[in-house]
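Engineer: Each chain, written out:
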Amino acid sequence: MLMTITMKGSHTQELGYLLHKNPYRAQRFDLSFGKAYVFYTEVSDSRTTAALLLDLDPIDLARGKLGAKDGGLFDYVNDRPYVSSSFMSTAINRVFSTAMNGKCAKRQELADSALDLEAVIYNLPVRGDKELVKEVFEPLGYEITMRESILDERFAQWGGSLYIDLTLRGKLKLCDLLDHIYVLIPVFDKQKHYYMSEEEIDKLLRHGERWLQAHPKKNTIIRRYFDMRRSYANKAIERLLEAIPEKDTESAEEQITPVQQEKRIPLNTQRLEAVKNAVVQSGAASVLDIGCGEGRLTSLLLRERQIRKVTAADVSVSVLERAKQKLNLDRMQPYLSDKLTLMQASLLYKDKRFEGFDAACVVEVIEHIDEPRIPLFEKVLFGFAKPKTVIVTTPNKEYNDNYPTLENGTLRHKDHRFEWTRPQFKAWCCHICEEFGYTAAYMEIGDVDDRCGTPTQGAVFTLQKERKDV
Amino acid sequence: MRIEIPEFALIAMIGATSGGKTTFAHKRFKATEVLSSDFFRAMVSDDENDQTVSKDAFELLYSAADKRLDHMKTTVIDATNLQKSARQQVLDLARRQNVHSVAIVLDLPEKELMQRNKARAERSCPDRVVHSHYTSLQRCVKHLKKEGFRFVYVLKSQDEIDSAEIVRTKLWNDKRELHGPFDVIGDIHGCYDELVMLIEKLGYVRNESGVYRHPFGRQAAFLGDLCDRGPKNTEVLRLVMDMVRSGSAVAVPGNHDVKLLKYLRGKNVTMTHGFDVTVSQLEAAGEDFKKETAGFIDSLVSHYVLDDGKLVIAHAGIKQEYIGRGSMRVRDFCLYGETTGESDEYGLPVRLDWAADYRGRAVVVYGHTPQSQVQSLNGTYCIDTGCVFGGSLTAFRYPERECVAVKALRQYYEPVKPLNDPSAPDEPKDMLTLGDIGGKLYLQTKLMPSINIHENNSAAALEIMSRYAADPHWLIYLPPTMSPCKTSELDGFLEHPLQAFEYYRNHGVTKVVCEKKHMGSRAVIVLCRNEETAAKRFRVTDGSRGIIYTRTGRQFFTDKAIQDDVLGRLDSVLTATGFWEDFKTDWVCLDTELMPWSEKAQELLEKQYAPVGRAGRDGLTAATKAIRKLCDRRNVQYEPPEGTSGQNFDPAELLAEFELKKDSIERYVGAYREYCWTVQSVDDLRIAPFHILAAEGQTFGNMAHTWHMETIRRYCAGIDDIFMATDYVTVDVTSDESIESGVSWWLSLTEIGGEGMVVKPEIFTTKYKGEIIQPAVKCRGREYLRIIYGPEYLMQGNLKRLKSRSLSRKRSLALREFSLGMESLDRFVADEPLYRVHECVFGVLALESEPVDPRL
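Top to bottom, those sequences are chains A and B.
Taking our numbering, the leading residue of the first sequence gets 2, the next gets one more, and so forth.
Taking our numbering, the leading residue of the second sequence gets 56, the next gets one more, and so forth.
No lab work stands behind these hints, which were simulated from the structure alone.
The structure presented is a predicted model; accordingly, all values stated were derived computationally and were not measured.
It is possible that part of the hints are untrue.
[Stated by the list, open to error] Distance condition first, Cα-Cα at most 16 Å in a straight line; then the derived EDC-like pairs of lysine to aspartate or glutamate:
| hint | chain 1 | residue 1 | chain 2 | residue 2 |
| --- | --- | --- | --- | --- |
| 1 | B | Lys833 | B | Asp782 |
| 2 | B | Lys684 | B | Asp646 |
| 3 | B | Lys662 | A | Glu43 |
| 4 | A | Lys236 | A | Glu274 |
| 5 | B | Lys680 | A | Asp203 |
| 6 | B | Lys855 | A | Glu43 |
| 7 | A | Lys466 | B | Glu397 |
| 8 | A | Lys36 | B | Glu393 |
| 9 | A | Lys427 | A | Asp359 |
| 10 | B | Lys684 | A | Asp352 |
| 11 | A | Lys310 | A | Asp359 |
| 12 | A | Lys380 | B | Asp408 |
| 13 | B | Lys680 | A | Asp166 |
Could you put the whole structure together from the sequences, leaning on the hints where they help?
Structural biologist: Laid out in structure tokens, this is it:
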């Protein structure tokens, strides 16, 4: 909500010329999302400070503009009015646009020279990542100070605040300072308040023209700037690399553009391949893919000639919608689309539609079911649907030792209700075989670790021959 | 001619073109009963004579017929039906749907047909067609019975056609006019002594001719398998036949009875399963008795639909879709049930569990499969308790739904498979199916006749229920959403009690109860006194004895130990205060608020509420500091602003505005802090029950809220600090004085940071002009609302805009959810099957997925 720019030295009142804002006036600008105030908190020969204060309308943020049909983008209880966000960048661009262009009719030589400047950005949401603040600002020549605080002093156990007040000090041109701030605020606060179009790439490259290419963290900056828009980030990086083709100081790991290195097959791919092969080996012609997610396995199964019917089920309607898109269902030709059924279904409700399949795949699904409800799932699938073959995969908890980020017992995914060790899973398999008349073959998927086994474990259950007829 | 057709039948009109079928059908049947091929030809091609589309037309016709028969609607197929294959299709459909088939043949002389055909002008067909129709008809008419039509009527002239009278007769299994009350008696198998004991225990007495009658007109209903294995078969037959003949009993046949009939008719039967004893006793009883027995068994109907369709009896049970239908398939099911064709380790057939899938509203009472105790599932009751095997002979009293039993005097026959151990709890078999809750739902409740759940809402609920909810056996209720009061017109208030009082005054309520609203999280507590109750009453067999769950049916505590601790402490309190005895119950369901808020809302606090407070306080402090510096500078020019961009502004005004903002954010932080405290152990929790929802045999929706409050104070509060009573006052909304005291009570609560209060009509469930009104309206405090509408919601301009909000959607949801919540409790208390309870609970969750302003 607040940013100040201080010029130190002599004749610092001339900051007014550079900013095109009279130090002896206090001005208000009406922007689409609220008001911006520009005023000076101190004006003297040796030190002049300009402030840009934003006053966002909290009700508009929540409800949308007066008269708007849909609600706004934000909650009523929202940090937007108080923090430095894309609103601030937009405001800078609006009220200091001439200064950002480095133009100053009256003092051009001042605009072109490095000045002793200090900027304070209040409430920048860095979410504890102070390292990143340093890595981003220090290469630009700033000396930085961060003021941190605690989330709520009454409840110290809630931890530190997400925000810092960031002070940047340096000798540089004002237009560079403004460009830096303009581009870098959204790198820390990713919640953009406007719809990002491809023009945003031009905007970024224009404001980063003089410094971004040389910045050692440029990839991180671009990626974070575009946040979810991966494709825009990639395009921006490509264009930047074209400008300077050589010299990339970043480590290979940070590369976004795929670099041909030793190709490791991702675990998920290995897993799906293994499951698909097991299905094919079982001789199945009809397959139920339970918990199909976005349909990666579904798509593999669909392309096997042997398989004549694939029914992909998921409990989430929105996931199924995504699967439809990923599978390109609307444009699929009848040869494939006639094989495929997508449906919402739950493993905790007995369902006639599960019956009559040669095989069922339950890939990385059971760990998302509360453990006490697993027996119900068993009945629904093994007890009633009774596919001839059932393939189940689930994480091997023992292998978690190999993931440094998973400290003391943390599970691999927030929604995992449990993860089983190999003995636990094997015990469960035995129980299934005994209770429902299946035999099981154990599967190991992924890189083998001598002590912990593979990251994914699984089993192929085969229904034993029907008991003798009377 | 009198044409008798069963009330439910599939009728084929058979006749040549121009033979008057359509006219006849439309005159004698309801327009919707008649499916005419001409009509369906027109439907697909705009031309009822276009024979090229017949295939599609008949496909539609038969699919319509199929649907009608699903709904047990008599259907007339109006087509020539002259081809054998066409009639075969009718017969196939009748068999598949277990419905009687009727052929009505219009067989006019050929000459007359020709004349009529000519008179049809443009719709007439060539003479050769008429001729060929005529000859086909002559060929087929005498074979119709043999082809499989149950009833065949042939009308040979226009006179006969005109004078024909259609009489719809009841099906034999239709005894809906009998209202009992009934005492349904399970498999007797020759256990005469036990039968006499049972029937006398039930209050039947012998009349002067030695036949048992009930003095109050109750009727016995025998489920068959009267004979075999036991000692006194002829005595049993005598008693039962006498009772049935005299009208004091009804009976359906069992498989053993049918076997006996076969024997009596001279067919060869195996002398297994104790049949030899029956035979020798019967042979000794003489020819008359044998004849009478044969006649009696022959007269029995596979199953009976009794008491307006609310009770069905059949020996081996009956699937929902067979009830009220007649066919050999239905009869076989009623006698033998359905088996997979496999046999188990004892060599007994593996039975398909039709009762698990039963979803009918009629109570089905059956026997056939001996069990150590009565098995009830989805509204079906298996009452064969294996008397002949040394178990007991059981009667099911209807409509009381009570069982009366006498123990077998001894074991008369060794069972192949031992009866199951009655002490081991059965695994629950009442599995929910997708069909119970999938897609569009129409739910009927006592408070609201019909509640529709849209498909997308039930889809959303399916996901939530599957991914997060606890075992549905525990979920007997989900709380409804609650609407706030109407927006206040008073300055500086968004909500104010006056509007809540006004709402109830306008809906015929005089006395309201205002309860302090606790800012915590909704928690529904179900507690059983012991695991046995949990197993018996809730069919939860994992050893737990209760649950605490959230408003979306999720376990409140992820740590089971905490839940067990809280439940244990509640049990101690209820035991100490004598609740269990006073309420004559072994379980209870309470609606409560669990505090602190931070216990459940920690993530929300850390990700949203606290950060906003932090950023707001720091940001506004910096901003006011900066503005103050500006104000302190003397050399700034100030001109009055003109409202356009880049205009000058008054620093003093801006400072005042930002000071106010700063004050707002401080108050906001103060507001959320009110509801947070650190929980180190269960001792730090606070639980405030506010409704006693249900206990064995009773719900409490008809009680006054003052009763709930006082009862809770008496039984739950004051012993263990974690359970507390809730403060409340009552207000007479027609008295200014009383209203004023209510308002000042609210002000005193909210000024010190309370969330506010909930205003309820005196009686839990209140109707006005025949419709239920809001069961509660909340009225939230000024300070509290900052955490809902933002720190600055009270500032100039903001409040005015916020005051325009619409409550109608929220209120409509509240009523529907309330109706469903009460309904699910009623159903559970009435011991209705799980799927019936679950559909209501599911409905609440589905309605909650409806998009509605979350701040209301």
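Engineer: Give a verdict on every hint.
Structural biologist: Okay, the hints, checked on the actual structure:
no., hint, result
1, B:Lys833 x B:Asp782, "holds (15 Å)"
2, B:Lys684 x B:Asp646, "violated (55 Å)"
3, B:Lys662 x A:Glu43, "violated (36 Å)"
4, A:Lys236 x A:Glu274, "violated (32 Å)"
5, B:Lys680 x A:Asp203, "violated (37 Å)"
6, B:Lys855 x A:Glu43, "violated (37 Å)"
7, A:Lys466 x B:Glu397, "holds (12 Å)"
8, A:Lys36 x B:Glu393, "violated (77 Å)"
9, A:Lys427 x A:Asp359, "violated (23 Å)"
10, B:Lys684 x A:Asp352, "violated (71 Å)"
11, A:Lys310 x A:Asp359, "holds (10 Å)"
12, A:Lys380 x B:Asp408, "holds (14 Å)"
13, B:Lys680 x A:Asp166, "holds (14 Å)"
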